[in-house]
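**Student:** Numbering-wise (the numbering used here), the sequence shown opens with residue -19 and increments by one.
Think of the hints as simulated: they come from the structure by calculation, not from any bench. What you are looking at is a predicted structure, and each value in this text was computed from that prediction instead of being measured. By construction, the Cβ of each residue, glycine as well, lies at the ideal position given by its N, Cα and C atoms. It is possible that part of the hints are untrue.
[As the list claims (entries may be wrong)] Just the calculated beta-carbon pair ranges, DEER-fashion:
{"#": "1", "residue 1": "P258", "residue 2": "G26", "range": "32 to 38 Å"}
{"#": "2", "residue 1": "D27", "residue 2": "H158", "range": "19 to 25 Å"}
{"#": "3", "residue 1": "V131", "residue 2": "E359", "range": "56 to 62 Å"}
{"#": "4", "residue 1": "R31", "residue 2": "H158", "range": "19 to 25 Å"}
{"#": "5", "residue 1": "P271", "residue 2": "H85", "range": "37 to 43 Å"}
{"#": "6", "residue 1": "G71", "residue 2": "E260", "range": "40 to 46 Å"}
{"#": "7", "residue 1": "D100", "residue 2": "P361", "range": "38 to 44 Å"}
{"#": "8", "residue 1": "D320", "residue 2": "E88", "range": "37 to 43 Å"}
{"#": "9", "residue 1": "P258", "residue 2": "P343", "range": "22 to 28 Å"}
{"#": "10", "residue 1": "T253", "residue 2": "E359", "range": "20 to 26 Å"}
{"#": "11", "residue 1": "G327", "residue 2": "F404", "range": "31 to 37 Å"}
{"#": "12", "residue 1": "E256", "residue 2": "R127", "range": "47 to 53 Å"}
{"#": "13", "residue 1": "H238", "residue 2": "G208", "range": "46 to 52 Å"}
{"#": "14", "residue 1": "Q317", "residue 2": "A350", "range": "31 to 37 Å"}
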Amino acid sequence: MSAPPSDDRTQPASLGRSPAENEVVQLCSELIRIDSVNTGDPATIGDGEARAARYIQAKLDEVGYDTVYLEAVPGRGNVICRLAGADPRRGALLVHGHVDVVPAHAPEWTVDPFSGAVRDGYVWGRGAVDMKDMVAMTVAVAREFKRSGYVPPRDLIFAFMSDEEAGGAWGSQWLVQHHPELFADATEAVSEVGGFSITLDEQRRAYLVAAAEKGVAWATLKATGRAGHGSMVNEDNAVTRIAQAVARLGAHEFPLTHTPTVDALLAAVHELTGLEFPEEDLEGAVRKIGPISRIVNATLRNTANPTMLKAGYKANVIPSTAQATVDCRVLPGSAEQFRDEVAQIVGEDIEIDWVWLPPLEFPFEGDLVAAMRAALEAEDPGAHAVPYMLSAATDNKAFHELGIVGYGFAPLRLPADLDFTALFHGVDERVPIDALEFGTRVLERFLRSC
């Protein structure tokens, strides 16, 4: 593998920087350059996930880890290793990430999305924030601990998996089902989409730690009708029926629903900024927080977004069936009510098949959360760790099946003017170099004290 595009930040570091901090940019750049796109279609997925997993395995093997490499199916690689801690009676901490990324349309980008370009103070490319940045930080810290002979307070399990972007069937879900022994004594976990900063003022930043996730409920709607010639009158048209059902569901606004995590976030923001969040204009008030409001407002209610339609095979043939896919995201405690509500909206003549990944919500308290706070504050005196709910999903859902409590904590101190949430699956995805190095320092402190 050739060297990544140059930047003065990749040159030998000054004294006082840790080995992990010195190599995290290089690791992130090289990971991005491995095209590990997960299209969700087995027919179009190559071996990129396996190559990314093997790259990580080689970096861990190099410093002495005893790694386990597993493929659920050919090309879908997963790597796990463990660092023994001082107190084997304590439950292990699982630090996990995924190696797959979503597709990128290169003509829309400023740089080649798989170049791993290091320029203008950023590492660029698909996966830079979702989530090869956290993978690089984790690998860098894991390598430093092993090289130095450091023994953490408790066992640390490092896991890097495929298929998260399509639900984890060949990654975390498969590992939980077929190799639970690898995680048998783990009690807590940290992973992606949390620990990043939003700027409150010149002196203070809130670091949003994911203490909850909405549930995934992918609904396949199916309508049946009478097949016939497209030129004929047909009052039993499956395409018309599915279109009407999808339009009703897509236009439906589910009621505002309070959850402990979101209420705690809004209370923390109020305490820090004085912003009010009146019930009569809650979503409008949330928008004053800034770009993160896109996620926060999505966690104030259940959502149902139509994403795919499938019907017919010829312009002049009315098909007997038509289908639609709706991406639904469900708040903790509302799953059964939500199913009934969707069925009522689409109508009794529409069949619904569900794929469910449950919502999660954990208390934002205890020793693990205290260790997060302390690590952030040590590197940023203006840090305030606050809980939030992720509107999307992570591999924490799979590991919760083993009783593991999982938080989103991939620490990054971000520029005040960076619309970070827009970079997830977006064009010109990139992570600030300063944020990568900051996150590596915070992660190292956290894992030394957790």
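**Student:** Now, for every hint given, state plainly whether the structure supports it.
**Tutor:** Structure-based check of all given hints:
no.: 1; hint: P258 - G26: 32 to 38 Å; in the structure: violated (51 Å)
no.: 2; hint: D27 - H158: 19 to 25 Å; in the structure: holds (21 Å)
no.: 3; hint: V131 - E359: 56 to 62 Å; in the structure: violated (23 Å)
no.: 4; hint: R31 - H158: 19 to 25 Å; in the structure: holds (22 Å)
no.: 5; hint: P271 - H85: 37 to 43 Å; in the structure: violated (22 Å)
no.: 6; hint: G71 - E260: 40 to 46 Å; in the structure: holds (45 Å)
no.: 7; hint: D100 - P361: 38 to 44 Å; in the structure: violated (27 Å)
no.: 8; hint: D320 - E88: 37 to 43 Å; in the structure: holds (41 Å)
no.: 9; hint: P258 - P343: 22 to 28 Å; in the structure: holds (27 Å)
no.: 10; hint: T253 - E359: 20 to 26 Å; in the structure: holds (22 Å)
no.: 11; hint: G327 - F404: 31 to 37 Å; in the structure: holds (34 Å)
no.: 12; hint: E256 - R127: 47 to 53 Å; in the structure: holds (51 Å)
no.: 13; hint: H238 - G208: 46 to 52 Å; in the structure: holds (50 Å)
no.: 14; hint: Q317 - A350: 31 to 37 Å; in the structure: holds (35 Å)
When the structure is compared with the earlier hints, violations turn up for hints 1, 3, 5 and 7 and for no others.
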